[in-house]
Structures are given as structure tokens and as C-alpha cells.
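Q: Chain by chain, the residues run as shown.
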Amino acid sequence: MEFMKDIITGIFFFIGSMSIIIGACGLIKLPDVFSRIHAAGMIDTGGTAFFLLGMIVQSGWSLITVKLILIGVFIFFTSPVTSHVTANLARQKKIIPIGKKIGKLL
Amino acid sequence: MKSFFLFVILLSLWLLMSGHYSFLIISLGVISCVFCVYLANRANLIDDEGLPLFFLPRLINYLLWLFKEIFNSNIGTAKAIITGNINPEIFIVKSSQNTDVAKVTYANSITLTPGTVTTQINEDKFEVHALNSDFGNDVRSNVMDKKVKWLEGDI
Chain A
99 MEFMKDIITG IFFFIGSMSI IIGACGLIKL PDVFSRIHAA GMIDTGGTAF FLLGMIVQSG
159 WSLITVKLIL IGVFIFFTSP VTSHVTANLA RQKKIIPIGK KIGKLL
Chain B
166 MKSFFLFVIL LSLWLLMSGH YSFLIISLGV ISCVFCVYLA NRANLIDDEG LPLFFLPRLI
226 NYLLWLFKEI FNSNIGTAKA IITGNINPEI FIVKSSQNTD VAKVTYANSI TLTPGTVTTQ
286 INEDKFEVHA LNSDFGNDVR SNVMDKKVKW LEGDI
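Each protein sequence line maps, in turn, to chains A and B.
Residue numbers for the first sequence follow the numbering used here, beginning at 99 and rising by one.
Residue numbers for the second sequence follow the numbering used here, beginning at 166 and rising by one.
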């Protein structure tokens with residue numbers, strides 16, 4: 099049973115670290131601010147979610163599980179706010195995003 | 166009614182976070198929760214915006230759908246980064262929600278799914294930046310807009 103738990107945790111940690119590595123590569127590789135925010139968003143959602151899932155599997159049914167879920171909830175609410183603030187500031191500083199512009203922008 | 170809900174939420178958070186269940190600790194928790202509810206009442210924070218209870222009946226269903234979307238678009242973003250299929254585009258979508266809370270939920274849901282970010286909001290127009298046209302078409306198809314409209318209920 100303990101062995102199964104470790105295997106499942108290992109799989110979750112592997113997926114989480116893969117998404118963090120790909121996100122970090124994206125942060126370097128992508129061309130401008132707005133595209134880089136997408137890579138950062140991937141680290142925020144995919145990376146943390148799978149790491150928290152792995153830790154929840156390890157802790158089983160206890161108060162620690164509740165606290166881990168609460169960490170997830172707070173990240174879930176704060177990460178889009180920081181992404182939006184970064185993008186909004188870049189727009190207000192008149193940084194022109196590269197790529198297609200469809201229709202009349204705000 | 167709403168004050169009572171806020172009190173229940175705060176007290177359950179206290180009980181889950183502390184982990185000590187002696188009489189002294191619990192009575193201290195009850196006192197501080199009552200004080201917090203009193204302060205929130207005084208600051209007029211307890212309204213539909215501070216405590217959107219009308220989301221509750223359909224919230225679980227919406228969150229499950231949102232997690233599925235986040236998972237799918239994580240895979241999509243990873244693929245786009247690895248293969249280099251990046252054609253950023255920026256466009257306007259309209260939101261059909263009535264309340265401000267629902268609009269914020271919609272904008273946050275767009276931002277939370279990797280590959281799309283809400284950059285500016287003006288009344289009911291959202292300016293959205295997408296990593297390539299697949300993500301852009303996902304937002305433009307208005308599936309998420311209808312989901313949030315459904316989550317909001319008939320207000």
C-alpha cells in the first residue's frame with residue numbers, strides 16, 4: 099500500500115516537474131511579454147496542481163490534506179490576478195503585442 | 166442570513182486550520198469570528214459581491230469543467246511551446262453576464278486557462294490575448310461565456 103502511494107506520488111511529481119520545465123523553457127523561448135505570461139500561467143496551474151496532488155496522496159486523510167487544498171485554493175484565486183495585472187500594465191504602457199490584431203482593440 | 170453564512174465559513178476555517186479542540190481555543194475562535202462578522206457588517210462588505218452565494222448550487226459542476234479545461238489547455242500550451250507553433254493574436258470578446266462577480270469569474274477563468282489572458286476590460290468587452298488561433302477559437306466560440314452565464318443563474 100505504501101509502495102503504491104509512492105508510485106502514484108512519483109507519477110504526479112513527474113508530470114508537475116515536466117510542466118514546470120516546459121513552462122520555464124517557454125519563458126525564455128517565447129517572443130514577447132504577452133506570450134511569456136502564458137508560459138508562466140502554465141507553471142502556476144499545471145505545476146502547482148500536480149505537486150499538490152502528489153503531496154495530498156502522501157498525507158492521506160488528515161488536517162494536512164485540508165491545508166494543502168487551501169494552498170491550492172489560494173493559488174487558484176491569486177494566480178489569474180497577477181497574470182492579468184502584468185498584462186494590463188503592459189497594455190497601458192502601450193506595448194504593442196506582436197502577431198495578429200483582430201478588430202478594433204480597446 | 167448572509168452574516169450567518171460568513172460566520173459558519175470563518176469558524177470552519179478556524180477549526181480546520183488550528184487542529185486544537187480544547188474549550189479555550191474554540192471559544193477564542195468563536196469570539197474572533199463574531200468580531201470579524203461585526204467588522205464586515207460595519208464596512209458593508211456582506212453583499213452579493215462579497216459573498217456570492219448564488220454561485221453555490223452549480224459551483225462544483227462548473228469547477229470540474231474548469232479543471233478539465235485547464236488540463237486540456239495545459240497540454241495544448243506545452244505542445245505549442247515544444248513544436249514552436251506560436252502565432253499570437255489579440256481580439257475582443259463580449260460577455261453576456263449581468264453581475265460584476267460573474268464578469269470577474271469569466272475573466273479569471275479565461276486567464277486561468279493557459280494560452281489565453283484577459284488584458285483589458287471595459288463594460289462588457291474583454292480584450293483577450295491568445296497564444297495561437299486554436300486557443301483564440303476556443304474563446305471566440307463562447308462556450309465558457311455560456312457556462313459562466315449558467316453558473317450565474319437567472320439574476
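Quick caveat, the hints were computed from the structure, so don't treat them as lab data.
Don't take every hint at face value.
[To be verified] Cβ-Cβ distance ranges computed for the label pairs, FRET-style:
(1) A/I194 x B/S197: 29 to 35 Å
(2) B/S306 x A/M102: 20 to 26 Å
(3) A/M102 x B/S192: 41 to 47 Å
(4) B/W230 x A/I194: 32 to 38 Å
(5) A/M116 x B/D319: 41 to 47 Å
(6) B/N226 x A/T163: 31 to 37 Å
(7) A/K127 x B/S261: 35 to 41 Å
(8) B/S192 x A/G201: 46 to 52 Å
(9) B/S168 x A/G108: 44 to 50 Å
(10) B/A208 x A/I196: 43 to 49 Å
A virtual CB, placed ideally from N, CA and C, is assigned to each residue, including glycine.
Q: Could you tell me which of the numbered hints above are not met by this structure, giving the numbers in increasing order?
A: The structure conflicts with hints 1, 2, 6, 8, although it agrees with all the remaining ones.
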